[in-house]
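Chemist: Please construct the entire structure, taking both the sequences and the accompanying hints into account.
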Amino acid sequence: MCTSILELVACKGSGKSPEGWVNLTHAAISYDHPHHAMLNDAVTIDFVNKGLGAGTRVGVELDLKSAKALHKALEKVIKDVEDDVKSRPRSNDIMKAA
Amino acid sequence: MSYESMIAEMIILDGHNNDPIQAYTARPMGPGPFPGIVLIHHLPGWDEWYRETTRKFAHHGYAAISPNLYERAGEGSAEDVAAKVRAEGGVSDAQMVGDVDAAMDWLKSQQFSTGKAAVFGTCSGGRHAVIYCSKTEKADACLDLWGGRVVMAEEDLNEKLPQAPIDMTADLNCPILGLFGNEDQAPSAEQVDQHEKKLQEHGKTYEFHRYDGAGHGFFYYNRPLHRVEQCNDGWEKLFAFVKKYVG
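Which chain is which? The protein sequence lines are A and Z, in order. For the record, in the first sequence the residue sitting at position 97 is 97 according to the working numbering, with numbers rising by one throughout. For the record, in the second sequence the residue sitting at position 246 is 246 according to the working numbering, with numbers rising by one throughout.
Hints are not guaranteed to be accurate.
[What the hints assert, rightly or not] Think about it this way: if two alpha-carbon atoms lie no more than 30 Å apart in a straight line, the pair counts; the simulated DSS-like pairs of lysine-lysine are:
hint : chain 1 : residue 1 : chain 2 : residue 2
1    : Z       : K56       : Z       : K243
2    : Z       : K237      : Z       : K198
3    : Z       : K160      : A       : K12
4    : Z       : K160      : Z       : K204
5    : Z       : K160      : A       : K50
6    : Z       : K198      : Z       : K160
Calculated from the structure, these hints are not laboratory results. Quick caveat, the model's predicted, so the values are computed rather than measured.
Modeler: Now the structure itself:
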């Protein structure tokens, strides 16, 4: 398949590339030919710093099933984090209780 | 058996906007003259498969050249450079035409050239071959191997890809060969039919071959997409077509 499916997301964080740890600026998510995975097509995620060379990327190639599972797991982790933050008493509440 | 030898090497071209770009060339040893092939690499980049295919054409008696359309993304392995280009939304059609034109001019200006040449491309390179052969009058045959996005929806057009190749059909300047897998989704069988209909409407010389049991990229021997029977037949059809129109 020769697609134009591509999403570019701004990212803050770090990734360990073949050049070592780098600060990330973006993640490019596409669905097209993989280079290495033995799949006809793959969801490819490349974590990059757009200011650095082509070799400083962290890339993964996943089949659709794995990508969906990853998506679900990310959503759950994010929900758990946000629920946890919401359930913690705010500092004002602690002061009132004291 | 006669002595056989070829020369394969990298050269520098003045690409689009006079940007220096590398190109890989291969041809049989000897004075020629040899008919030419310009190879437009696919979306996975200017990679080993394209080096091998450039030499394959030389093995069959052609002078072949494959320019690096991703040169401006910098140094690196083909897959890293391709990832960078992908994240940037790909190369523009105008830049591609300029780079391929530089390769075509180099090829035709060589003393070993017959002055005739085909343009070969797979995947995005197939789409690019169709565009190049519609925007210039220098190619003698167009070889479109499963080029996706020849048919494009209006919303997929942008500054880099301003016109769908199918809408350039009236300007196609040479005979076209198309090889497609019926299980491909891009181009789908329906899109191949649309392209064929458009070629018929404009009275263009074409040959389309559609393969059952094959999808996209069925020539790629190192990928699960490879289909040996369809691949072998495709190469036979391709060399016959090139022989007929290019020599």
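Chemist: Are there hints from earlier that the structure breaks, and if so, what are their numbers?
Modeler: Violated: none.
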